[in-house]
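> In the order they appear, the protein sequences are chains L and P. Numbered according to the working numbering, the first sequence terminates at residue 850, and the numbering increases by one at each position without gaps. Numbered according to the working numbering, the second sequence terminates at residue 478, and the numbering increases by one at each position without gaps.
Calculated from the structure, these hints are not laboratory results. The model shown is predicted, which means the values in this text are computed figures rather than measured ones. We treat Cβ as the ideally placed atom computed from N, Cα and C, and that holds for glycine. Be a bit skeptical, because a hint or two may be false.
[Said to hold, decoys possible] Listed next, the in silico EDC-like pairs over lysine to aspartate or glutamate satisfying Cα-Cα at most 20 Å (straight line): (1) P/K168 <-> L/E654; (2) L/K614 <-> P/E446; (3) P/K168 <-> P/E190.
[Said to hold, decoys possible] Some chain P residues near chain L, calculated using beta-carbon distances under 8 Å: (4) R117; (5) I411; (6) Q439.
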Amino acid sequence: MMHPETEADLAEAIAGAGGPLRIVGGGTRGIGRPVAGEVLSLAGLAGITLYEPGALTLVARAGTPLAEVEAALAAEGQRLPFEPMDHRALLGTAGAPTIGGVVAVNASGPRRIQAGACRDSLIGVRFVDGRGDVIKNGGRVMKNVTGYDLVKLMAGSFGTIGVLSEVAFKVLPRPEMAATLRMEGLDDEAAVRVLCAALGSPFEVSGAAHVPGGPGVMIRVEGFAASVSYRVAQLRALLLPYGDVVVETEPEAVNAGWKRVRDVEAFAGRPGDVCRISVKPTDGPRAAAAIGAREVMYDWGGGLIWALVPEGRDIRPALAGIGGHATLIRAGAETRAARPVFPPEPAPLAAISAGLRAQFDPRGILNPGLMG
Amino acid sequence: MQMPDPNPAVLSKKARLVARFLSVLPADAVIHDETETRAYECDALTAYRCPPLCAVLPSSTAEVSAILRICHEEGVPVVPRGSGTSLAGGALPTADSVILGVARMNDVLETDYRNRFIRVQTGRTNLSVTGAVEEEDFFYAPDPSSQLACAIAGNIAMNSGGAHCLKYGVTTNNLLGVTLVLMDGTVVEIGGAHLDAGGLDLLGVICGSEGQLGVVTEATLRILRKPEGARPVLIGYDSSEVAGQCVSDIIKAGVLPVAIEFMDRPCIRATEAFAHAGYPDCEALLIVEVEGAADEITEQLDLITAIARRHNPVELRESGSAEESARIWLGRKSAFGAMGQINDYICLDGTIPVSALPHVLKRIAEMSAEYGLGVGNVFHAGDGNMHPLILFDANKPGDLEKCEAFGAEILKLCVEVGGCLTGEHGVGIEKRDLMGTQFTAADMEAQLRVKDVFDPQWLLNPAKVFPLALTAGRRAA
């Protein structure tokens, strides 16, 4: 196992690698095709290198534990805007998630609909490509159009373009208060209508989920206390024609409810494969019905479907004709080896993706085959 | 500003090219007469001009594809053009290039309020996207100052921002999908009405690539419901350091204003003489705007004004009506015009960490004295995106060159303090030769490799973004 402690060590390790590398941060997000290769751990490349609360900017080495980043932000009343998912419960993994791992999988939670995904808050990266060259892109300022945006390319590239050594974020103030409006007993179509109505209102909804058989429709507003109560009242009036509305404001209950959605806790420890499907929100119920899932839950206003399906089932044929894409997040190694984990791309785009990997990793040693 | 010498082989086959274009486009969409091609000789960086070989104005993705296929076969450089409002020379032609203008492609293709997106042809102007949805109280968030004229195509090429991006993000954060035509004419769809990429985030790479990777003909854009209201407060200080501290304190207090604008004394004086907005004559002026319902606005403004008062402002004026709001914004919105009344100017676009503001303003003032050229500073303070306006006299020999040298010094300073060369205008030709101050050879090589993948022959907008010496081998190949 390679365990570099500086960026220079990392570059040297990759330049001198004799074969495929399996890149690991905290090792909690084992998504993708199984990779055979020597483990390259980023855990030693840790520490927050810059944090300016007044400029809403934080920079950290890739191996920094996410918990350390979140604690530093909390101490200043701030947070990562995109509410990164913790995959441990769903995937049955242990260990400490790292900030680099968050970026590598573009982990984004319920607040994605309002604050953007991880890629939208990411303002700079440093990484080592497959040749062993250290490359930086973006920086520490939140408006930057100098040269191509490789920051976005790195977010969600699962270590197949380069190995992150440092990441920079725009962060946001942590709100004074949050509240959840809940509606039970709605079918999926009605639930998505409610979510669309809430998201189409001017009341700055920061979470819009539907957990059938569980809490049902969940709508979150955050901000200063007076503003939250105003918007809760307005939303309640807006949604009452669709059914009864329960309002939850107790902080621990509100947080726990959204953590369950964020981490897809409902499917943790239960048999079956788990798919993550991104569609146009109003296509959500149709997509969910088409795949014949054992159970589904919706986030992102209906546009993100988490589906628990029988082991080994290929859901993609059933989604033909519905736009969007599906990723196999949890499945046995056999299924992940046999079937594309990530959505197959049309030929011209597949050629571009392959071309980019060939440019950045000409020897094909960085998590080879992980994304297909 | 150096541009590559035109390729004589391309110049000599103009007649054949025009004939081929006319075989796929109507006659009025192919502009080849030498007096008419002059209309495309520059963009908003007017100091540099060169008429193209010809200009084509397609009306559909299929026509764009046909044109690119021809240019690809013939080995002819293509310069994509939206509305030609680039301040960086992004749409500046070379004599051997074809201008591909998308101005005729301005249809709304789909509007979906439930799913909160609009799909448009990219020749449509930024403001008319909002115009298409405001009847239902929706809007498109990115709002570059040129929004009346600038096209979505150019917004995507440059990843444009605007005054309100502190809250809503820039183009890349509001772009859901594109129809992209590659240099060989292949049409691809990237993204759509759903969120985020299933594989590599190619949409994120396309946005901000300055028309060098492909031509975006259609775009799916996120639209948002308009806030119930908005109201600004004007705050004047006798020191830019204190104003910078006030901005930092506001942000740390947990308020996220939709805009925080900053103007310095030279800029305030120029706008006062021009627009008579009633601004105080002070060292630094902030305009902070917040959004929401009436009570929400009041709560946020109370918090902001309490912070502002702790720093002893020379003036603090909270808007109480739509009229007062318009008056507060009047000077800021007239700033560029006001500076233009005094003299010619170039507008810079570097971004700095907010904490470096006082140091950078002090250095700019010192350099202004050294160069003997006046500067006014107006910028988006919340995100550190500066717009120093350097005054010069275009009729005075050598003044432009002096002005550009001064501008380059300011941009180098921005990089030195941890910022970047351009926050929202793009590199174009203007900042091309400064790229080496921000990036190492390996940093730039990584970007060039991306272009190698999308456009292996280097025909799309080839003389932009990167130092010419660095791309010479690739362009000649």
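> None of the hints should be skipped; say for each whether it holds.
For each hint, the structure was consulted:
For the given pair, P/K168 sits about 18 Å from L/E654 by alpha-carbon distance, which is consistent with the 20 Å threshold. In summary, the hint linking L/K614 to P/E446 is supported, as the alpha carbons are separated by about 11 Å, within the 20 Å threshold. Note on P/K168 and P/E190: the hinted pairing is violated, with a Cα-Cα distance of about 28 Å set against a maximum of 20 Å. Taken as an interface hint, P/R117 checks out: its beta carbon lies about 6 Å from the nearest beta carbon of chain L, inside 8 Å.
Violation of the interface hint for P/I411 is found here, the shortest Cβ-Cβ separation to chain L being roughly 14 Å, above the 8 Å cut-off. For the restraint placing P/Q439 at the interface with chain L, the shortest Cβ-Cβ distance is roughly 6 Å, inside the 8 Å limit, so the hint holds.
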